[in-house]
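These protein sequences, in sequence, are chains W and B. Note that the working numbering numbers the first sequence so that position 108 is 607, with each residue one more than the last. Note that the working numbering numbers the second sequence so that position 16 is 22, with each residue one more than the last.
Quick caveat, the hints were computed from the structure, so don't treat them as lab data. Even glycine gets a Cβ: it sits at the ideal position worked out from N, Cα and C. Just so you know, not all the hints are guaranteed correct.
[As the list claims (entries may be wrong)] Cβ-to-Cβ under 7 Å is the rule here; a few derived chain B residues that face chain W:
(1) G130
(2) E132
(3) V146
[Stated by the list, open to error] According to the in silico footprint, chain W covers these stretches of chain B (three or more CB under 8 Å from chain W):
(4) 69-80
(5) 87-99
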Amino acid sequence: MSFEVQANAGSFVVAQIGDRRIALPREIISELIGSPIVHSFPHTTPLLTGVVIRRGLIVPVLDLGPGVFGRPSPPGRFFLVVKREIAGQTDFCAIPVQGECEIVSNVLNPSEEEEGCAIGFLEVNGERIDVLNLERTIASGAAAIQHARAEAAL
Amino acid sequence: MKPVTPYALAGRGPQSREQVVTFSIADQSFAVSAAAVQEIRAADNLGGVVREIEQPVLSKVRHIVERDGNAYYVVSGQEHFHLRRSRPASVLILRGLRAAVLVDRIEEMAEMRVLFTLPASFLGLERGWYRGLTVLNGRVLPVVDPRGFLTGEECEVLEQSTAEVLQTMQAGEKSR
Chain W
500 MSFEVQANAG
510 SFVVAQIGDR
520 RIALPREIIS
530 ELIGSPIVHS
540 FPHTTPLLTG
550 VVIRRGLIVP
560 VLDLGPGVFG
570 RPSPPGRFFL
580 VVKREIAGQT
590 DFCAIPVQGE
600 CEIVSNVLNP
610 SEEEEGCAIG
620 FLEVNGERID
630 VLNLERTIAS
640 GAAAIQHARA
650 EAAL
Chain B
7 MKPVTPYALA
17 GRGPQSREQV
27 VTFSIADQSF
37 AVSAAAVQEI
47 RAADNLGGVV
57 REIEQPVLSK
67 VRHIVERDGN
77 AYYVVSGQEH
87 FHLRRSRPAS
97 VLILRGLRAA
107 VLVDRIEEMA
117 EMRVLFTLPA
127 SFLGLERGWY
137 RGLTVLNGRV
147 LPVVDPRGFL
157 TGEECEVLEQ
167 STAEVLQTMQ
177 AGEKSR
């Protein structure tokens with residue numbers, strides 16, 4: 500194994516979102532929680548479906564479905580709590596995931612697309628799993644929803 | 007009461023408690039500080055002179071009510087919060103503001119013990135709608151910012167477009 504390849508090795512959490520298996524860098528994952536009650540209220544931020552209470556925190560629920568496979572995710576058995584930095588503030592979001600999650604240590608292969616949602620991919624038992632850039636995936640999903648809303652308004 | 011930052015439960019002392027009115031619009035519940043509400047009336051009995059705005063500049067404001075020498079713009083809560091059609095039965099007349107808000111139902115008076123800041127991931131219009139979030143009887147409710155119903159800019163636009171109606175109403179009040 501070359502030094503270059505070793506430098507690209509990392510720890511990732513693999514999860515199922517809708518019908519796709521994706522991976523996120525381990526360092527942005529705070530915890531995996533069982534599906535709690537989701538409280539919803541009116542707002543206009545795309546992808547947010549409500550909030551959950553976790554350890555005395557209010558945590559927004561963020562559906563990555565539109566950014567990952569183009570549709571809202573089906574109800575999740577678990578929520579992956581991720582850490583985000585927004586305008587200098589740390590925020591936590593709970594992402595509904597279907598099925599089990601696993602932690603893998605693997606080599607991150609570079610993505611062919613520079614501007615896509617994936618920063619690279621893993622090869623796990625012959626399966627190619629995209630490692631997502633969370634913020635780009637959120638932006639892509641939000642843009643898709645806003646586009647659909649604009650079309651519906653015409 | 008100031009929002010708690012970050013979103014941890016806190017502020018359990020008596021000085022940090024606040025009375026709120028909870029209300030619903032299209033099956034969504036909200037809380038608003040009781041101190042911000044001057045009066046609650048039935049939507050069909052506002053207790054003043056009601057004028058329709060013939061050419062509304064804001065779709066959420068279609069009427070003006072004049073009571074005791076003050077004019078209030080009647081804001082549709084359903085349109086303000088982008089909700090589906092509802093059947094407003096009550097009006098919250100807000101204290102110190104020029105807005106009266108149509109809501110479906112007043113739920114209860116309650117004591118708010120904690121106010122969470124709105125998480126930073128919420129980036130839309132809700133940042134102007136809410137002071138934060140609270141938990142009442144196990145439910146998370148948004149705590150409405152009364153100033154959000156009509157922004158300064160919206161008030162200016164309304165005042166310009168309804169100047170004539172307001173003058174007529176004031177003249178009518180003086181002649182009574």
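Going down the list of hints, with the structure as the test:
Because the closest C-beta pair between G130/B and chain W is about 3 Å apart, less than 7 Å, the hint holds. Here the hint on E132/B is kept, as its CB sits about 4 Å from the closest CB of chain W, short of 7 Å. About 4 Å separates the beta-carbon of V146/B from the nearest beta-carbon of chain W, less than 7 Å, and the hint is met. As drawn, the segment 69-80 of chain B meets chain W at 0 residues by the rule of a beta-carbon pair under 8 Å; below three, the given contact is violated.
Here's how the segment 87-99 of chain B fares: 3 of its residues keep a CB closer than 8 Å to some CB of chain W, so the rule of at least three is met and the hint holds.
Violation of the numbered hints given earlier is confined to hint 4; every other hint is satisfied by the structure.
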